[in-house]
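Chains as they are written, first to last, in the working numbering: chain A, 1 to 326; chain U, 1 to 326; chain C, 1 to 326.
Treat the hints with care, since some could be wrong.
Which copy? The list can't say, so a pair holds if one copy fits it or any two copies do.
[As the list claims (entries may be wrong)] Listed next, the in silico SDA-like pairs over lysine to any residue satisfying Cα-Cα at most 20 Å (straight line): (1) Lys325 x Thr57; (2) Lys263 x Glu106; (3) Lys141 x Ala56; (4) Lys141 x Glu309; (5) Lys30 x Val226; (6) Lys183 x Gly62; (7) Lys30 x Gln218; (8) Lys277 x Asp264; (9) Lys141 x Arg52; (10) Lys250 x Glu267; (11) Lys279 x Phe253; (12) Lys279 x Tyr22; (13) Lys250 x Ser73; (14) Lys61 x Ser49; (15) Lys30 x Leu59; (16) Lys325 x Ala56; (17) Lys61 x Phe253; (18) Lys61 x Ile50; (19) Lys250 x Ser107; (20) Lys279 x Pro300; (21) Lys141 x Asp297; (22) Lys325 x Gly62; (23) Lys141 x Asp298; (24) Lys263 x Pro213; (25) Lys325 x Val54; (26) Lys141 x Ser49; (27) Lys263 x Ser107.
Keep in mind the hints are simulated off the structure, nothing from the lab.
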Amino acid sequence: MRSVEGTPKVVSLNPDRRQSFYGRDIVSVKQFDREDLAFIMQVADEMRSIVRRVGATDLLKGYVLANLFYEPSTRTSSSFIAAMQRLGGAVIPIHGVQYSSVTKGESLPDTIRTLECYADVIVLRHPEVGASEVAARYASKPIISAGDGVGEHPTQGLLDLYTIQTELGTLEGLHVAMVGDLKHGRTVHSLARLLRLYGTRQTFVSPDILRLPEEIKQELIEAGCVVEETERVEDVIETADVIYVTRVQKERFADLHVYEAVKDYYEITPQLMARAKPKMALMHPLPRVGEIHYDVDDDPRAAYFRQMENGMYIRMALLAAVLGKA
Amino acid sequence: MRSVEGTPKVVSLNPDRRQSFYGRDIVSVKQFDREDLAFIMQVADEMRSIVRRVGATDLLKGYVLANLFYEPSTRTSSSFIAAMQRLGGAVIPIHGVQYSSVTKGESLPDTIRTLECYADVIVLRHPEVGASEVAARYASKPIISAGDGVGEHPTQGLLDLYTIQTELGTLEGLHVAMVGDLKHGRTVHSLARLLRLYGTRQTFVSPDILRLPEEIKQELIEAGCVVEETERVEDVIETADVIYVTRVQKERFADLHVYEAVKDYYEITPQLMARAKPKMALMHPLPRVGEIHYDVDDDPRAAYFRQMENGMYIRMALLAAVLGKA
Amino acid sequence: MRSVEGTPKVVSLNPDRRQSFYGRDIVSVKQFDREDLAFIMQVADEMRSIVRRVGATDLLKGYVLANLFYEPSTRTSSSFIAAMQRLGGAVIPIHGVQYSSVTKGESLPDTIRTLECYADVIVLRHPEVGASEVAARYASKPIISAGDGVGEHPTQGLLDLYTIQTELGTLEGLHVAMVGDLKHGRTVHSLARLLRLYGTRQTFVSPDILRLPEEIKQELIEAGCVVEETERVEDVIETADVIYVTRVQKERFADLHVYEAVKDYYEITPQLMARAKPKMALMHPLPRVGEIHYDVDDDPRAAYFRQMENGMYIRMALLAAVLGKA
Chain A
1 MRSVEGTPKV
11 VSLNPDRRQS
21 FYGRDIVSVK
31 QFDREDLAFI
41 MQVADEMRSI
51 VRRVGATDLL
61 KGYVLANLFY
71 EPSTRTSSSF
81 IAAMQRLGGA
91 VIPIHGVQYS
101 SVTKGESLPD
111 TIRTLECYAD
121 VIVLRHPEVG
131 ASEVAARYAS
141 KPIISAGDGV
151 GEHPTQGLLD
161 LYTIQTELGT
171 LEGLHVAMVG
181 DLKHGRTVHS
191 LARLLRLYGT
201 RQTFVSPDIL
211 RLPEEIKQEL
221 IEAGCVVEET
231 ERVEDVIETA
241 DVIYVTRVQK
251 ERFADLHVYE
261 AVKDYYEITP
271 QLMARAKPKM
281 ALMHPLPRVG
291 EIHYDVDDDP
301 RAAYFRQMEN
311 GMYIRMALLA
321 AVLGKA
Chain U
1 MRSVEGTPKV
11 VSLNPDRRQS
21 FYGRDIVSVK
31 QFDREDLAFI
41 MQVADEMRSI
51 VRRVGATDLL
61 KGYVLANLFY
71 EPSTRTSSSF
81 IAAMQRLGGA
91 VIPIHGVQYS
101 SVTKGESLPD
111 TIRTLECYAD
121 VIVLRHPEVG
131 ASEVAARYAS
141 KPIISAGDGV
151 GEHPTQGLLD
161 LYTIQTELGT
171 LEGLHVAMVG
181 DLKHGRTVHS
191 LARLLRLYGT
201 RQTFVSPDIL
211 RLPEEIKQEL
221 IEAGCVVEET
231 ERVEDVIETA
241 DVIYVTRVQK
251 ERFADLHVYE
261 AVKDYYEITP
271 QLMARAKPKM
281 ALMHPLPRVG
291 EIHYDVDDDP
301 RAAYFRQMEN
311 GMYIRMALLA
321 AVLGKA
Chain C
1 MRSVEGTPKV
11 VSLNPDRRQS
21 FYGRDIVSVK
31 QFDREDLAFI
41 MQVADEMRSI
51 VRRVGATDLL
61 KGYVLANLFY
71 EPSTRTSSSF
81 IAAMQRLGGA
91 VIPIHGVQYS
101 SVTKGESLPD
111 TIRTLECYAD
121 VIVLRHPEVG
131 ASEVAARYAS
141 KPIISAGDGV
151 GEHPTQGLLD
161 LYTIQTELGT
171 LEGLHVAMVG
181 DLKHGRTVHS
191 LARLLRLYGT
201 RQTFVSPDIL
211 RLPEEIKQEL
221 IEAGCVVEET
231 ERVEDVIETA
241 DVIYVTRVQK
251 ERFADLHVYE
261 AVKDYYEITP
271 QLMARAKPKM
281 ALMHPLPRVG
291 EIHYDVDDDP
301 RAAYFRQMEN
311 GMYIRMALLA
321 AVLGKA
């Protein structure tokens with residue numbers, strides 16, 4: 001086990017943004033401080049309570065969301081659509097480049113500036129790193145990133161953080177193990193960066209060629225996190241409060257031989273879970289293709305479907321917040 | 001004309017399910033007894049009345065439907081979308097596998113368990129026989145099948161039954177002729193099974209290679225229906241109360257030579273209709289590609305567009321019923 | 001500069017249709033007279049006021065729009081979806097032929113007659129000239145054309161006219177220059193025909209092979225417009241009240257060598273705009289692929305994004321009008 005330590009410290013970014021999310025773009029987890037995160041998780045709690053009691057509200061009645069997906073993502077797009085609808089708002093679904101002006105050669109800024117003529121907020125999924133920031137620069141309405149390439153996926157990071165909070169009751173000083181493709185996995189990058197604010201111990205479990213980028217590791221150390229790396233899940237299974245498993249994503253590999261060599265590297269089984277702490281959370285951003293055995297699904301520590309549900313509450317919270325209705 | 005007879009009897013399945021459709025999956029016409037069918041057709045009548053008077057209700061305000069189509073079907077998907085919207089509910093449209101986690105290798109149960117985190121009810125169209133039952137087994141929210149492969153298409157069966165009821169005022173003891181591809185035609189299979197509950201005489205008109213599967217024929221005979229087979233529409237045109245024509249579906253044939261040989265086997269023309277009973281119903285699940293001549297459209301007995309409209313009322317009734325609001 | 005003059009006259013078509021748009025199809029700009037246009041622009045003004053004050057209304061609550069697009073068009077489809085939603089109505093999105101019964105060989109009239117079983121109004125985009133008129137002939141519910149091939153695009157024409165009205169405060173006697181592919185550009189055809197009612201001077205600026213069809217030129221002359229043609233933007237830049245630039249659309253060319261030869265023929269630059277009148281409107285139906293330099297975007301005379309926004313108000317006005325709620 002490779003270990004790199006640092007000293008915990010309180011991180012407080014952008015104190016002036018605390019008052020309100022109103023009109024803000026959501027393009028990176030780096031834009032949030034602990035007060036921001038506490039606020040949005042509190043709003044998500046309220047959203048969960050509303051949905052469980054009455055299904056929906058009229059908070060965003062009269063508002064329109066343009067859901068602009070240049071890449072397929074059933075899960076994320078459906079989550080945003082449901083979130084907007086349960087807030088009483090409407091959705092323009094734009095799924096698939098073939099319906100898009102992109103096929104006519106239009107630039108992203110022009111597409112964004114057109115859609116904001118019709119909509120009050122734009123959710124953008126794009127294959128290129130940085131696309132959300134470009135969109136945000138040109139838009140006068142709020143842009144919420146739904147993931148850009150191997151870059152950021154901030155709402156996934158927020159829903160993962162919120163899931164840890166709801167599963168374990170705290171975020172402070174936890175031991176979190178991330179497992180799988182840590183090189184390309186943007187969900188891991190986003191979550192690791194959020195957890196740096198809470199004095200966590202983070203262990204990164206991956207084959208050597210899929211290790212966490214050095215840049216992120218340095219960010220965590222500078223923020224005072226304890227950072228460790230290993231190739232074996234067995235090294236963390238008994239101590240981790242959270243095990244966060246990710247899929248090795250075929251579409252991120254230029255060389256399919258490399259993909260074949262590492263794709264079945266990890267599988268969480270009931271046998272492995274038998275050694276884990278009685279109170280811990282097994283998470284996965286889904287879809288899974290073998291990283292977690294189906295027999296684990298009934299384990300009360302298997303949190304991945306609750307994680308999905310939390311995604312809707314976090315997105316409801318963000319939509320309400322950037323439109324000034326939280 | 002090949003004829004196989006049986007003794008009529010009263011069929012009453014699942015008496016304990018009569019009270020309510022609340023929380024039920026709709027995956028097969030076999031799950032309904034006459035009381036179920038009477039109930040759902042009565043609710044459909046109420047839905048028709050609401051739509052004709054005021055267009056829509058708020059019965060399902062705050063509810064969300066995930067409309068999950070792994071196969072193209074404008075007609076069925078549009079019908080469900082309109083049904084949910086006219087009930088005041090919202091729809092997550094998921095049309096086209098390319099937008100789906102399926103392309104990332106996800107299993108159907110995982111997709112279903114994810115979508116039910118966002119939605120209150122899931123409509124599923126899938127190319128594989130039995131997919132709806134698999135989905136229903138894993139889901140905690142109601143699943144409504146919108147057709148799976150050459151298997152069942154229960155809501156089509158229900159709307160067809162409802163159309164016969166509204167066109168002719170009764171279902172008892174009718175002579176119903178089914179015409180076309182009776183081997184692959186799941187709409188025929190579903191309707192035939194429903195009609196077995198009403199002491200009907202059913203004549204199956206098809207080329208020899210497209211005959212009704214023996215298994216279904218046996219079910220009908222056991223239920224006491226009169227079952228006949230012929231290759232000629234002329235044998236039924238003068239006596240049938242209902243002529244139900246189906247398309248020979250190219251996509252169901254592995255060998256296109258076989259398709260070419262039978263695709264233009266039947267065409268209902270004004271000349272043929274001149275010999276039919278003055279009060280009868282000519283039906284077709286649509287789309288048609290030549291089985292019914294356009295000149296028949298203005299015939300008052302041509303019921304196929306009313307049949308489409310009835311589809312919306314039946315689906316409104318089912319959505320309201322499984323969500324406990326009928 | 002080639003010049004062809006005519007005598008202005010008052011044109012008044014279909015006086016009996018003035019009272020109301022209720023139940024009308026919108027398939028051609030030729031169907032409108034000045035009173036129709038004044039009415040619909042006044043309703044659009046009211047829609048703009050509603051959207052700016054409160055975002056949406058419940059005017060079309062309980063109504064359903066089928067948005068049937070056989071060709072990709074993010075812009076137009078999103079505009080109609082937002083328009084319907086901001087009126088409180090619901091939308092069945094049918095985007096992409098692969099989801100359509102068309103792939104099963106169904107005729108357009110059958111598709112239309114099916115969709116009007118579910119919806120109260122149908123918006124149709126189709127690649128073939130005349131498709132909207134065919135649809136309107138078979139439909140009992142209103143059809144609104146969203147463009148058919150190189151034929152008409154009436155709602156685009158209306159939003160362009162409305163933009164000129166709002167930008168310049170009048171439509172009477174303006175000098176309007178149309179630039180680009182005037183042969184295939186249906187937006188140009190529609191706008192030119194509408195402007196014939198206002199005694200305009202219209203200058204058509206294009207390479208020789210992309211000149212305005214003779215038929216339209218004759219219509220304008222007969223209506224009393226001053227009609228001119230040139231190959232150089234420089235000929236109109238100093239006098240035009242409106243410069244309407246269009247993209248050379250690759251998809252309209254059978255021979256790509258011809259496309260390559262003319263595609264970069266025109267570009268509006270800040271240098272060119274420096275010579276234009278201080279009060280004028282630079283318009284473009286978008287998407288653009290180089291016809292207007294991005295540095296022009298901040299020029300207050302650059303009206304193309306306001307033009308997009310106006311599209312939503314015009315479509316709200318049309319939807320409300322044909323459903324009898326304007």
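Consistency of the hints with the structure:
1. In this assembly of identical chains, lysine 325 and threonine 57 lie within 20 Å of each other by CA distance both inside one copy and across copies; the values are 12 Å within and 19 Å between.
2. Proximity of lysine 263 and glutamate 106 under a CA criterion of 20 Å is satisfied inter-copy only: 15 Å between copies versus 37 Å inside one chain copy.
3. For the homomeric pair lysine 141 and alanine 56, the shortest alpha-carbon distance between copies (17 Å) is at most 20 Å, but the shortest distance inside one copy (24 Å) is not.
4. Proximity of lysine 141 to glutamate 309 under the C-alpha cut-off of 20 Å is restricted to the inter-copy arrangement: shortest distance 14 Å between copies versus 27 Å within a copy.
5. In this assembly of identical chains, the alpha carbons of lysine 30 and valine 226 lie at most 20 Å apart only when taken from the same copy (19 Å versus 60 Å across copies).
6. In this homomeric assembly, lysine 183 and glycine 62 never come within 20 Å of each other (Cα to Cα): the closest approach is 42 Å inside a single copy and 41 Å across copies.
7. In the homo-oligomer, the alpha carbons of lysine 30 and glutamine 218 lie at most 20 Å apart inside one protomer (14 Å), although the nearest pairing across protomers, at 62 Å, exceeds that limit.
8. In this homomeric assembly, lysine 277 and aspartate 264 never come within 20 Å of each other (Cα to Cα): the closest approach is 24 Å inside a single copy and 66 Å across copies.
9. For a Cα distance limit of 20 Å, the shortest separation of lysine 141 from arginine 52 across copies, 14 Å, qualifies, whereas the shortest one inside one copy, 30 Å, does not.
10. Proximity of lysine 250 to glutamate 267 under the C-alpha cut-off of 20 Å is restricted to the intra-copy arrangement: shortest distance 17 Å within a copy versus 43 Å between copies.
11. Taking the shortest alpha-carbon separations for lysine 279 and phenylalanine 253, neither the intra-copy value of 36 Å nor the inter-copy value of 54 Å comes in at or below 20 Å.
12. When the C-alpha separation of lysine 279 and tyrosine 22 is checked against a cutoff of 20 Å, the pair qualifies neither within a copy, at 37 Å, nor between copies, at 36 Å.
13. Taking CA atoms no more than 20 Å apart as the test, lysine 250 paired with serine 73 passes inside one copy only; the shortest distance there is 15 Å, against 30 Å between copies.
14. When the C-alpha separation of lysine 61 and serine 49 is checked against a cutoff of 20 Å, the pair qualifies both within a copy, at 19 Å, and between copies, at 17 Å.
15. Taking identical chains as interchangeable, the C-alpha atoms of lysine 30 and leucine 59 are never at most 20 Å apart, the minima being 28 Å within one chain and 43 Å between chains.
16. In this assembly of identical chains, lysine 325 and alanine 56 lie within 20 Å of each other by CA distance both inside one copy and across copies; the values are 15 Å within and 16 Å between.
17. In the homo-oligomer, the alpha carbons of lysine 61 and phenylalanine 253 never lie at most 20 Å apart, since the shortest distance is 43 Å inside one protomer and 45 Å across protomers.
18. In this assembly of identical chains, the alpha carbons of lysine 61 and isoleucine 50 lie at most 20 Å apart whether taken from the same copy (15 Å) or from different copies (14 Å).
19. When the C-alpha separation of lysine 250 and serine 107 is checked against a cutoff of 20 Å, the pair qualifies only between copies, where the shortest distance is 16 Å, while the shortest distance within a copy is 28 Å.
20. For the identical chains of this complex, lysine 279 and proline 300 are intra-copy neighbours only, at 9 Å inside a copy versus 62 Å across copies, given an alpha-carbon limit of 20 Å.
21. In this assembly of identical chains, the alpha carbons of lysine 141 and aspartate 297 lie at most 20 Å apart only when taken from different copies (17 Å versus 40 Å within one copy).
22. In this assembly of identical chains, the alpha carbons of lysine 325 and glycine 62 lie at most 20 Å apart whether taken from the same copy (12 Å) or from different copies (18 Å).
23. Taking the closest pair of Cα atoms, lysine 141 and aspartate 298 come within 20 Å of each other only across two copies (17 Å); inside a single copy the shortest separation is 43 Å, beyond that limit.
24. Only within a single protomer do lysine 263 and proline 213 lie at most 20 Å apart by alpha-carbon distance; the minimum there is 19 Å, versus 44 Å between protomers.
25. In the homo-oligomer, the alpha carbons of lysine 325 and valine 54 lie at most 20 Å apart both inside one protomer (18 Å) and across protomers (14 Å), since each shortest distance falls under that limit.
26. Taking CA atoms no more than 20 Å apart as the test, lysine 141 paired with serine 49 passes between copies only; the shortest distance there is 19 Å, against 28 Å inside one copy.
27. For a Cα distance limit of 20 Å, the shortest separation of lysine 263 from serine 107 across copies, 17 Å, qualifies, whereas the shortest one inside one copy, 36 Å, does not.
In terms of the numbered hints stated before, the structure departs from hints 6, 8, 11, 12, 15 and 17, listed from lowest to highest.
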